[in-house]
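Protein sequence lines, in the order shown, are assigned to chains A and B.
Position one of the first sequence corresponds to residue 1 (this note's numbering), numbered consecutively onward.
Position one of the second sequence corresponds to residue 1 (this note's numbering), numbered consecutively onward.
The hints are simulated quantities; they were obtained by calculation from the structure and are not laboratory data.
Fair warning: this is a prediction, and the values are worked out from it, not measured in the lab.
Some hints here could point you the wrong way.
Stated by the list, open to error - For lysine to any residue, the following SDA-like pairs were computed, each having C-alpha atoms within a straight-line distance of at most 20 Å:
(1) Lys108(A) with Ala331(B)
(2) Lys264(A) with Lys108(A)
(3) Lys108(A) with Asp135(B)
(4) Lys252(A) with Tyr284(A)
(5) Lys264(A) with Pro288(A)
(6) Lys277(B) with Gln204(B)
(7) Lys180(A) with Glu12(A)
(8) Lys108(A) with Ile338(B)
(9) Lys108(A) with Thr119(B)
(10) Lys252(A) with Gly227(A)
(11) Lys252(A) with Glu280(A)
(12) Lys108(A) with Lys303(B)
(13) Lys160(B) with Gly51(A)
(14) Lys108(A) with Ser105(B)
(15) Lys108(A) with Gln108(B)
(16) Lys160(B) with Ala50(A)
(17) Lys160(B) with Lys264(A)
(18) Lys160(B) with Pro22(A)
(19) Lys303(B) with Glu38(B)
(20) Lys108(A) with Glu332(B)
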Amino acid sequence: MRELTYVEAIREGLNQAMAADPRVFLIGEDVGVYGGAFGASAGLHQQYGAGRVVDTPISEAGIAGACVGAALTGMRPVGEIQFMDFITISMEQLVLQAAKIRYMFGGKATVPMVLRTPGGSGTGAAAQHSESLENWFVHIPGLKVVMPSTPYDAKGLLLAAIDDDNPVIFVEHKLLYKTKGPVPEEPYRLPLGQTDVKRVGKHLTVVATSIMVPRALQAAEQLAAEGIELEVVDPRTLSPLDEGPIVQSVIKTGRLMVVHEAHKNGGFGGEIVGRVAESEAFDYLEAPVKRLCGLDVPIPYNRTLEAAAVPQVADIVREARALVK
Amino acid sequence: MATRTKNTATANRQPRATASAVRTAAIPTEWGQTGAIERLRKMMVIRAFEEKAEELFSLGRVHGTMHLSIGQEASAVGAASALREGDYLLNTHRGHGHCLAWFGSEVQLMMAEFMGKETGYCRGRGGSMHIANVDANNLGANGIVAGGLPISVGVGLSIKQRGTDQVCLTVFGDGGANTGAFHEALNMASIWQLPVVYLCENNQYAMSMPMKKAFNIPRVADRALGYGIPGVTVDGNDIVAVYRAMQDAVARARAGEGPTLVESVTYRWRGHSKSDKQAYRTRDEVKEWQAQDPIRRFGRVLKLAEAEFDAHRAWADQRINEAVTFSEASAEPKIEQILEGIYA
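Input sequences plus hints: build the corresponding full structure.
Structure follows, in structure tokens:
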């Protein structure tokens with residue numbers, strides 16, 4: 001199959017959604033002629049014009065609110081928040097408006113919007129351009145949270161998110177943008193809320209999100225040489241979470257490690273561990289569970305410190321080995 | 001006056017509203033006597049609704065809190081009069097009046113929502129601060145000060161992209177005009193010439209913070225200059241003045257000429273919410289504004305005899321009592337349905 005990068009897959013998904021449905025439009029800072037800070041919308045402005053690829057002033061609350069208002073009145077906006085850090089400025093509109101409008105109005109309104117945003121560290125951009133805030137949104141009923149780890153998942157989940165009648169926070173990763181993988185040319189949808197087993201194994205279940213999926217797969221490759229077989233499970237949608245395959249995997253392997261880039265304290269790993277502890281898989285656990293997460297520190301600038309702040313392949317290998325022993 | 005922007009004719013037509021300004025414009029010919037009486041009754045329904053809500057609260061039959069707009073009815077009814085069916089409304093937490101003044105509104109469904117009943121506009125899930133009637137393009141009151149302002153940008157964009165000639169009325173208070181959301185929204189609406197009318201109901205206080213202490217300019221409408229849009233200040237207790245200013249603003253919006261900031265100067269007679277001891281203002285000040293009761297004022301414009309005026313009010317009370325009867329007979333939401341309506 002043809003290969004695309006992650007960012008190309010997203011761009012193709014946006015393009016196909018816009019071509020198929022006049023209600024879909026893009027809005028965000030520098031999404032037009034500039035093509036988006038990471039190039040996700042490159043060329044779309046030329047193709048669809050400024051009316052459907054809307055460049056905004058530096059107004060993150062305005063961008064989020066514009067998505068809410070347009071969605072409430074029959075459009076299917078796709079907003080972009082240039083760095084996930086800046087979504088802190090959109091929180092009121094996302095948490096208090098987008099998420100709650102349907103419920104507060106007695107189920108009589110829909111807010112079909114997608115807000116795309118790149119998270120994660122590894123670019124040397126330090127503490128205000130490297131956040132992984134996905135769990136803030138997981139905590140809020142009414143929002144859906146999607147975190148694709150491959151080009152294939154990115155396109156399929158994006159098209160499904162745009163089709164969805166709910167507000168969806170679509171978290172991309174800056175370091176994944178240039179990664180390549182097979183992507184079908186035609187439009188396709190991957191249902192939101194469907195966990196994917198990325199590698200089958202029998203010794204340890206590794207639940208990983210976003211950039212940690214390829215890192216866990218690399219770790220699995222190394223450990224396979226030692227006879228340790230990791231099962232790498234990618235939730236893909238953090239909310240709603242499809243916990244069944246995770247529970248089944250832990251029942252099979254008897255061991256669980258969660259790997260994510262976001263800080264450990266209050267992170268999504270706690271949710272995964274909690275769900276497993278509440279499930280029938282609890283009785284099958286043969287070792288304490290492990291959360292391998294970002295340190296509880298603002299992302300430092302220094303290259304070595306930055307890398308040390310979040311799990312790397314060697315960390316996953318080391319911790320997995322220790323857990324299986 | 002130095003900061004008047006475009007459309008200065010409209011701006012200058014209206015005197016700066018103060019407690020002593022009692023000039024009232026003549027009844028618009030397009031209303032006629034019948035239309036004018038209808039609007040008087042609408043203001044009375046709003047007044048009666050809020051007085052009843054207050055009474056039910058003190059009796060413990062309505063819980064939570066509420067933000068009463070008693071004294072501000074002319075602003076709500078005057079504004080809605082300038083719009084037409086199919087237009088959009090984004091409302092504030094002090095928005096009972098706008099909700100009742102909006103197209104197709106049914107007072108019994110509002111009362112039922114107050115009483116938390118399944119028959120209420122929001123099935124009892126929203127209450128006073130979140131009443132919406134999406135079928136009638138009433139996109140809801142908002143518990144967050146200026147929460148509707150960023151949303152107005154999206155509604156405006158949506159209207160433009162769908163190519164209709166709808167207009168979005170966005171209501172907020174003097175407090176809302178000091179938020180960052182106000183700035184982002186008015187700027188975006190202006191650069192894209194969105195069909196939105198921003199109605200700032202300046203009722204003198206953001207909870208306890210007086211307008212005079214929270215702004216270093218005399219009028220909220222002066223801020224329009226910074227966005228390159230017209231800013232107009234009107235006497236918000238004069239229903240006709242509000243209507244006229246809104247008419248101009250709506251016409252501009254509908255013609256694709258962009259947003260207008262209309263400041264409606266008014267006063268809330270009650271406290272901010274149910275817990276307000278009102279230590280920040282004097283009784284005399286309240287009385288001064290009460291002497292400018294927008295409903296009585298309009299009654300005088302209509303030259304109604306006292307008995308006639310009272311008969312209209314009795315009609316409004318009757319509507320409210322029926323709404324209470326309807327609401328009390330309505331079912332409570334079922335606990336087993338608590339999770340319904342979170343996701344579509």
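Evaluated hints:
The suggested pairing of Lys108(A) with Ala331(B) holds, with an alpha-carbon distance near 18 Å, which does not exceed 20 Å. For the hint pairing Lys264(A) with Lys108(A), the CA-to-CA distance comes to about 38 Å; that exceeds 20 Å, so the pair is violated. Pair hint Lys108(A) plus Asp135(B) holds up; C-alpha atoms about 8 Å apart against a cutoff of 20 Å. For the suggested pair Lys252(A) and Tyr284(A), the alpha carbons sit about 8 Å apart, so the restraint of at most 20 Å is met.
Annotation: proposed proximity of Lys264(A) to Pro288(A) holds, straight-line Cα distance about 16 Å (limit 20 Å). Taken as a hint, the Lys277(B) and Gln204(B) pair is honoured in the structure, with Cα atoms around 16 Å apart against an allowance of 20 Å. About 14 Å separates the Cα atoms of Lys180(A) and Glu12(A), which keeps this hinted pair within 20 Å; it holds. For the hint linking Lys108(A) to Ile338(B), the alpha-carbon distance of about 15 Å falls within 20 Å, and the restraint holds.
Distance hint between Lys108(A) and Thr119(B) is fulfilled; the C-alpha atoms sit about 13 Å from each other, no more than 20 Å. A hinted pair counts as satisfied when its Cα atoms are at most 20 Å apart, and Lys252(A) with Gly227(A) qualifies at roughly 17 Å. At most 20 Å may separate the alpha-carbon atoms for a hinted pair to count; Lys252(A) and Glu280(A) meet this at roughly 12 Å. Between Lys108(A) and Lys303(B), the direct Cα distance comes to roughly 43 Å. Violation of the 20 Å bound is thereby established for this hinted pair.
Of the supplied pair hints, the one linking Lys160(B) and Gly51(A) holds, its CA atoms being roughly 9 Å apart against a limit of 20 Å. Of the supplied pair hints, the one linking Lys108(A) and Ser105(B) holds, its CA atoms being roughly 15 Å apart against a limit of 20 Å. With a CA separation close to 18 Å, the supplied pair Lys108(A) and Gln108(B) stays within the 20 Å bound. Restraint check for Lys160(B) and Ala50(A): the C-alpha separation of about 12 Å stays at or below 20 Å, so the hint holds.
At most 20 Å may separate the alpha-carbon atoms for a hinted pair to count; Lys160(B) and Lys264(A) exceed this at roughly 45 Å. Using a Cα cut-off of 20 Å, the hinted pair Lys160(B) and Pro22(A) holds, with the two alpha carbons roughly 13 Å apart. Between Lys303(B) and Glu38(B) the alpha-carbon distance is near 15 Å, which keeps this suggested pair within the 20 Å criterion. With a CA separation close to 18 Å, the supplied pair Lys108(A) and Glu332(B) stays within the 20 Å bound.
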